[in-house]
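Protein sequences, first through last, are from chains A and B. Be aware that the first sequence starts at 0, since it is given in numbering that gives the first Met the number 0, and climbs by one per residue. Be aware that the second sequence starts at 0, since it is given in numbering that gives the first Met the number 0, and climbs by one per residue.
Take the hints with a grain of salt, since some may be wrong.
[As the list claims (entries may be wrong)] Reference excerpt, derived from the structure (chain A facing chain B, CB under 8 Å, subset only):
#1 Tyr93
#2 Phe195
#3 Gly222
#4 Val323
#5 Leu363
#6 Val398
#7 Phe415
#8 Gly419
#9 Trp463
Keep in mind that the hints were calculated from the coordinates and are not lab data. This structure is a prediction, so every number in the text was calculated from the model and none was measured. Quick reminder that beta carbons are idealized off the backbone N, C-alpha and C, glycines included.
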Amino acid sequence: MNPVDVPFYRRVEEALGKTRMRQAVRHTSGRAMESRRAAIAELDSSDAVRDQARAIRARTLSALDQHLDTFVTNVEKNGGTVFFAETGDDAVDYIRTLARERGVKTIVKGKSMVSEEIELNPVLEADGMEVVETDLGEFIVQLDNDKPSHIVAPILHKTKEDCARVFKEKLGATDEEVAGVPQMTQLARRVLRKAFLKADMGISGVNFGVAETGSICICTNEGNGRLSTSMPRIHVAMMGMERLVPTAADLGVMLEVLGRSGTGQRLTVYSNILSGPRRPGEPDGPEEFHVVIVDNGRSEVLAGELAEILYCIRCGACLYACPVYQTIGGHAYGSVYSGPVGSVLSPALAGIHAFHELPHASTLCGACKEVCPVRIDIPRMLLRLRAKGVEAGESPQWVSLGIKVLGWIGTRPRLFGLAGRVAARVAGMAATDGWIRELPAHLAGWTATRDFPAPAKESFQERWAKRQGRSSTDRSRS
Amino acid sequence: MRPARVQLLVTCLVDRFFPGTGESVVSVLERAGVAVTLPVGQTCCGQPAFNAGYDADSRALARHTIDVLSASDDPIVVPSGSCGDMVIHQYVAMLGDDPEYGPKARAIAARTYELTTFLTRVLGVTDVGATATGTLSYHACCHGLRGLGIDSEPKALLAGVRGATTCPLPEAEVCCGFGGLFAVKMADISGEMLQRKLDAIEACGADVVAVTDVSCGMHMAGGLRRRGSRVRVVHIADVLAGAAGPNAEPK
Chain A
0 MNPVDVPFYR RVEEALGKTR MRQAVRHTSG RAMESRRAAI AELDSSDAVR DQARAIRART
60 LSALDQHLDT FVTNVEKNGG TVFFAETGDD AVDYIRTLAR ERGVKTIVKG KSMVSEEIEL
120 NPVLEADGME VVETDLGEFI VQLDNDKPSH IVAPILHKTK EDCARVFKEK LGATDEEVAG
180 VPQMTQLARR VLRKAFLKAD MGISGVNFGV AETGSICICT NEGNGRLSTS MPRIHVAMMG
240 MERLVPTAAD LGVMLEVLGR SGTGQRLTVY SNILSGPRRP GEPDGPEEFH VVIVDNGRSE
300 VLAGELAEIL YCIRCGACLY ACPVYQTIGG HAYGSVYSGP VGSVLSPALA GIHAFHELPH
360 ASTLCGACKE VCPVRIDIPR MLLRLRAKGV EAGESPQWVS LGIKVLGWIG TRPRLFGLAG
420 RVAARVAGMA ATDGWIRELP AHLAGWTATR DFPAPAKESF QERWAKRQGR SSTDRSRS
Chain B
0 MRPARVQLLV TCLVDRFFPG TGESVVSVLE RAGVAVTLPV GQTCCGQPAF NAGYDADSRA
60 LARHTIDVLS ASDDPIVVPS GSCGDMVIHQ YVAMLGDDPE YGPKARAIAA RTYELTTFLT
120 RVLGVTDVGA TATGTLSYHA CCHGLRGLGI DSEPKALLAG VRGATTCPLP EAEVCCGFGG
180 LFAVKMADIS GEMLQRKLDA IEACGADVVA VTDVSCGMHM AGGLRRRGSR VRVVHIADVL
240 AGAAGPNAEP K
């Protein structure tokens, strides 16, 4: 997983300049949060259900190796094949080799963030295969040579006018065909239907693997997941190593919180549970069923202090809830995983050097933690990653210097008081009515949009001491 | 039992930037019948270092503050949800395993209260005898709201102010974009988040928006000042003390 080349501050600048994109993100995020609130409120005790979901994730990850063993055994028992990919490249190679050996020409894909993470499509396309994204949002992203900006809603950043433009430019659609969302959906269906009929391979993601049954569960709202996995003769399911639940009963709990948190639905429209290839006598289903389990850094995360991020079930609620995400959209994060969860997951998987700014792209307001269906303490992990960044030498020098000074004088009260008086003296010269309009150097960003208060000549502690009639006191006033 | 005396952890921002707010805090507590002491040697709780990822420096500042507050067994009142969360939750997380400071951190966490929580939950007071005119509103600072669960407490205190009406602030629970160093390091994003907050503040019809943290308060007040707005953002202690608030405080 590589970050995009453009530096973070440039990406943010670019994002902030896109007024229409930002309106779309804020509008859709707001609506998603409303739906989530209503759907969660329907549960008799939503807190208890979320606790239960969290407990399932904790239990699964604390013995992940065992659950993976059980899962693999049961997938194979069902007639499926499992490949464990240690790296993204291993996964890509396996799928490319399989496709080559089977003479695959056309691949239909259901939505899979893991496939984005390991950058699968370009490799298959370079091999001459036609790869068609069949999730409506991903389809538009692919047509427009764009990137998904939200893990659940890939074109959150696009308006319907943007989509109409893409359809006209890339599919030669008429005005009538892009007159509204239903018309555009119909057009996409006509195009995709042809791809489904001729595809030799279907690639899907996995929302949950069920260890005890060797099944995979795929949640979609468009039915494309069902077509991608049942019409082509080969189905390849790509699964992040951590996306398991031990039992079918556990799956029920997870589906309950996933739909409500992610899309405000009681259940996603299509929740498909697939258990292996077509059996003798069955009328449909693929001839071959492959599960590619992707590690790609997850084992290391699991063993470290950020393991909790692997509880994530990719509902996308923390993105919707995040005021930073709402302000800059997903692309500015420069990673397939954006928003609060992405700010942890991206540096956790790819290393702090690659994504050292992301843990700082947060006010630590805690809105992410508040909405998380499995109660991941994202702010805590952002703090851990900030500390990792400091250790790795990624913190700017002026910040390091400032904090060192604070640490030094903050443990020496007299010096602290003196520094405050000096700061007040200096700042006083730049202030009008107690406010500063322009701060220098690294602090200038503050005064670009807001005034800064000047420190008081006499601090509270100094006033207090004066009133007590001695230089310092802890005597009660009354 | 109702404590007769408390220690005030005034916070470095109130101390150096808004000393008048510190005096408001003392006045409100004393009017509620509680004597106030000011532990000697207090500086900064360490949150800037903690939030920036400087573990050694934040621990040093935490140990210093713990020592300052350990000199007395009195309850500790802090006029900040953010520094309050630091003392109540983060010190224990940082130093919990430390043989010397772990137990001290836990002892202090157990007797530290954010100001509005202390007034309403410990003293059981919602009417502190405050009067004001105009319309008051309330913005929920994030660390207080989500770290300490403070929301009904300040609202109850504001509802108890005589002579003033209150109005809700739309999106009151959405962050103002301050975030400490975030406001400087990611000033563009922070500035945009602030504009969204200020739009809501100016549209809600309030004359004064009260907050539980002067840090977020100075962020919003600085933005309103730049806009030339007539609406003011002040610490809730200044409203409760009937004082003019941080903006009008002559420095």
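Would you pick out the hints that fail for this structure and give their numbers low to high? Violated: hints 1, 2, 3.
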